[in-house]
Each structure stands twice: as C-alpha cells, then as structure tokens.
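Colleague: What follows is each chain in one-letter form.
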Amino acid sequence: MSAADVRITAEPIDNGRCKFLVSEPLHAGGVRRFASPDEARGSPLAEAIFAIPGADVSEVIVSGNLVTVVKRSPAAWPVVGKAVGQAIRAALAGGQPAVTSKPAASPKAGAAPVDDALYERVADLFESQVNPMVARHGGRVELIDVQDAVVMVRMAGGCQGCGMADVTLRQGIEAMLQQHVPEVKGIVDITDHTAGSNPYFAAAKK
Amino acid sequence: MRLLLLLPTVTYRTVAFVEAARRLGIEVTVASERPSTFERANPTGLVTLDFADPAHAAAQARAFARAHPVHGVVAVDDDTAVVAAAIAQELGIRGNPVAAARAARDKHQQRQLLAAAGVAVPRFELLTIAADPERVAGRAAYPCVLKPLRLSASRGVVRADDPPGFVAAFRRVQAILEQPDVAGCGDWARHILVEEFVPGREVAVEGLVTRGSVRVLTIFDKPDPLDGPFFEETIYVTPSRLAQTAQLAVAACAQAAVDALGLREGPIHAEIRHNDRGAWLIELAARPIGGRCSGALRFEMRETENGKRETSLEEIIIRHALGMELPTLEREEQASGVMMIPVPGAGVLRDVRGVGEARAVPLVEEVAITAHPGQTLVPWPEGSRYPGFIFARGESSEAVEAALRAAHARLELLIEPAD
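If you read the sequences in order, they're chains A and B. Going by this note's numbering, the first sequence opens with residue 1, and the numbers climb by one from there. Going by this note's numbering, the second sequence opens with residue 1, and the numbers climb by one from there.
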C-alpha cells in the first residue's frame, strides 16, 4: 500500500488534543506514550510529530491504528494535523517500526516499576468497581497501559460513542482514580468513539 | 467554586462543557435526568435531577447545595434552561427569571410576548391537534409555516402554500406530535402554531446577556435559503455578510426580544430574518447554539501558563455563570463556519465514505461523523439528528462556505432501507 492509500481521519477533542485514526496499524505492541522528544528518540513517528514546527507538542500516544497528539500551541489542528498526517505516512512508508516497543526500563530511573505497581492497582480498581458500574449500561472500560503515572483506557460496548462518555471518564473513572490511586497523574481515553455502534446514550441536536 | 452543569443524556455538548470546566480548574457537578452508574461513587460530582419538573429539580439542587455549595448553574438546551432558572432562583445565584426561560422555550408564549412588546414577529395562530385542518385552511394566509411549540432542530416545521398543502402539513405535524417520544411530553404536544412565512435572509445570533443587556458574540449567515417546505439547517458562516445597517437591526431585534421575554443572564441563540421591512424575530432560545456548532466559534486568545490560547464559547458561558472575569469577547479574526451534514434519505447508516477526502479540502478543519453505524437516519421534518458536522476556517466567509460545500460533496453516506 502506498502512502497515498493510507486514510487518516482527525478527531479533535479540543484545541489541545486530537486523535488521528489511521487505516493501517502503526503499533501492534500495546500502547506507547511519549511525553517528551527525549522519550521519542528511536521512534520515527513520535520523533517526527514532536519536531513539527510551531506545534509545541507535549505528548504523543500510539496504539494500534490510533495516534493521539497533545499540543500546547494555539496553532489550529488543520495546520498541525496535516503535518501529523505527513509524519504518519512517512512512518508507514519508512520500512521500520513507526514506534519502538516499550523499553524494559523507562529513561527515568524507577518509573517502570512504579508504573507496573500502579497498573496492578488500577487494574484491580477497574475489575472490582469501574467495570461492574459501566456494565449496567452495557459498557466496558479496558485498561490499556500506565505510563509515567498516566492511565490509558479504551471504552467499548455502551460507552463507545456514548454522549455521556466524557462524564463517565472525568466524573466517574478519573474521580475514582483520584480517590483510590491518588498517585495517578492523569487519564487518557484512546477510544475511537466514531466507531461505536451501540452507544448507551446517542446525542441529538439540542 | 462549584458549577452545576445540567447535561441531558442526549446532548452533543458534553465534551465541550466538561473540558471547558476542567480548563478553568473549577469544581464541577454534572446533573442529568438519568443517573450515572458512578453517582454513588462520586456523589459530589454527579447528581440526578428531575429535569421534567423544574421546581422539583430546584428543590433537589437546594438539598445538594446544602452540603456542596453551588456558585453557578449552566444549561445547554431549552428544557434545562428552565431548570437552570428555577435552580438559580432557589439558590440565589445568577440566572434568568423562571417565567422568562419558560416563555423562551414555548414558541406560542414567546410570540405573544414579543408581539405585545412590538417586536416584529410573524402573524400567528394557535391550533390544537384536534382542529379540523380543512376548515382552518380556508382562512389561513399563504404561504404559512406550521410548527410544534417546543421541538428542537426544526423538527416538525413545515411550510404550506395553499389549502391542500396546509391540510397535508397539518396531518404531518400532527403525526409527529403523536409519536410516542413526543405525545407524553405535556400539553404543548397537543398544539400546532401556524404563522406567516417571512421571506428574507436568515441569520443566527449568538449572544451573552448580562443584567438584561445583550452582547452579540457573533452573527452567523445561513447561506442556504430556508424557504421550506422543511427547514433542516445546513451551513452557518461567520462573519455575516449582511450590510452593517442590517446587522445593527438584527442586534436590536435580539435585544428587543430579550427585553420582551424578561431574560436577564446567560447565553441566547436567536434565529432572525432580515428583509426590506427590517429584522424579524423567528425564534429566540435562552441557551447557546446547539449540536456541535459551537466548535465554529473561537474567541481571542488569552495568556495561560502554557502560553496563549483561545477561549471557547463554553468557557465564556461558564465564566459568566460563576461571575468570573470575562476575557475579551471578540471573536477571532478568521472567518469560520460549520455545516450540519444533511440526511440524504431514510434508512440505516452503514458507512460514511470520503471522510479523508473531505478533510483534505483546503480550509476544512474537521469532519465529525456523529451518527454511528447502524443508526437509523430520519429526514426532516420527522427527523432532528444530523449525521455529522463539517468545520472550516479561512480568510473570508465566501471561502469558508465554498470549502464546506466542497467537503460535503466528497462525502458518501451509505444507507440501507430500514426493516
């Protein structure tokens, strides 16, 4: 498949965050989160996104065929997005993995063991409390990874595409994490909500 | 500082308001009409209120606020605007009088108040759905428009040009009002408003009311003629290309309507037509623009610890509700617009093709498909849900409008007949 055949759809969350859905998988080995250009070193896609002029990218998350980019600059997503698209196409055409697999140890000494411990605690919370709650609306929340104390989740079932998914994420899951695992610094939803086929609450123009 | 955010479970506005509140760093309690599964786990952040009974909702909010003081309340649609007014009155916080919010929600009551105050509105008559349309058709002036008193997004709004058309339109609106999701909503669902069709260019006004004074945030042109027979919206583009004198007349019309209704605080969204006889108030709502359309609005950048960034309409509304300092309310310099993607036909949505191609159109920023695969699409006037939204920004309104049309032309919605 040539770069021209790759389909990329941008889904801005707000002016700071945007998801890019790619027709081809970029990274099959779980989730990779890069919080700085240093962490991106060796991963061509993340390196290229951090290097986009004027974007002031602060975070890149790659999972399967989804790339989430967080930026600080006020630059509009159409401008930054086109550069992200070029980076994605270049990475797919490059002949080497777009991102490397998660390193055995984080560049920051001690971060990986801490993340591993957090992962266990967050996973317990999801299993014992979060998923039983969302299951009442036919939903499911999958814990994808914990990197640098940031929790990455993917929503499914009734949560995927649900009009209240952001309330569930912020007022529900994030609030529970703050209460039960206060070491968690943030939560990132890497769900492709446009693909949800059975949302519990579907929005109408109001 | 705590905000009570009234989010009906079917709103498109969740992300925009929740994320705006997070950016402002305030405490948020989200209230909905149906319980979140996390309500018991986070009782300060989630609450269920009886949106169908504003007085009851206000009493519930009062009980909640005893333990968790509430400093502001924000509504996102016509029904929660009334609830917010009741809560504001109960808690003694910034808001509209309940009677004003109710009048803004009910098209007939609104017409009566506006006409009595001398605001230019179409001539109107209220019918019950039990009326004999054959008899009424004989005395109606044509063309006219038949509409329900409350339904949103122009659902059930139909133009009639002659007596046979009137009878057909009446039957169609009547059938919509008898649908199960509408019929049980109250006495209003047993009435049809018939009003004179007002020709002219239609615009939408976004405004913020403070102590009864309207600050116009922007005027959107609606370049596709809304002449019927149905009134599905398509493109909104700002800045308006209306002459300055016409824009002043539109703004004055919005202010006169706010005065007549007695609105005091918060966002308004008004549909106004302008013709050689001046500005005509078609509808005014005590809420912000609906759907995902607020994404077309950005206001001047402000300094943050991470540098400059823009302010959203939702941030402005929340700041106003909480009495926080407002940034400059100047819209960005660029032209911008949004297209509500039309429903191409009745059936079940299977796929949307050409999204990438539509996004690639210069000036297009976002193509958001909000309908999910398997969703039944219902055309107007029975329907009220758009399959998605296209956003564009550029140097001029003409260029933005052209980009929106070009992007839409690249989309293909694959629809199968419903079983």
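Treat the hints as calculated values from the structure; they're not laboratory data. What you are looking at is a predicted structure, and each value in this text was computed from that prediction instead of being measured. Be aware that a few hints might be false.
Claimed, not checked - Short derived list, chain A residues pointing at chain B, Cβ under 7 Å:
id, residue
1, 133
2, 137
3, 167
All residues carry an ideal CB built from backbone N, CA and C; glycine is no exception.
Colleague: Hint by hint, note whether the structure agrees.
Modeller: Against the structure, the hints:
At a threshold of 7 Å, the smallest CB-CB gap from residue 133 of chain A to chain B is about 4 Å, leaving the interface hint in force. Annotation: residue 137 of chain A was flagged as interfacial toward chain B, and the flag holds, the nearest CB pair being 6 Å apart, inside 7 Å. The closest approach between the C-beta of residue 167 of chain A and any C-beta of chain B is roughly 5 Å, which is under the 7 Å cut-off, so the hint is satisfied.
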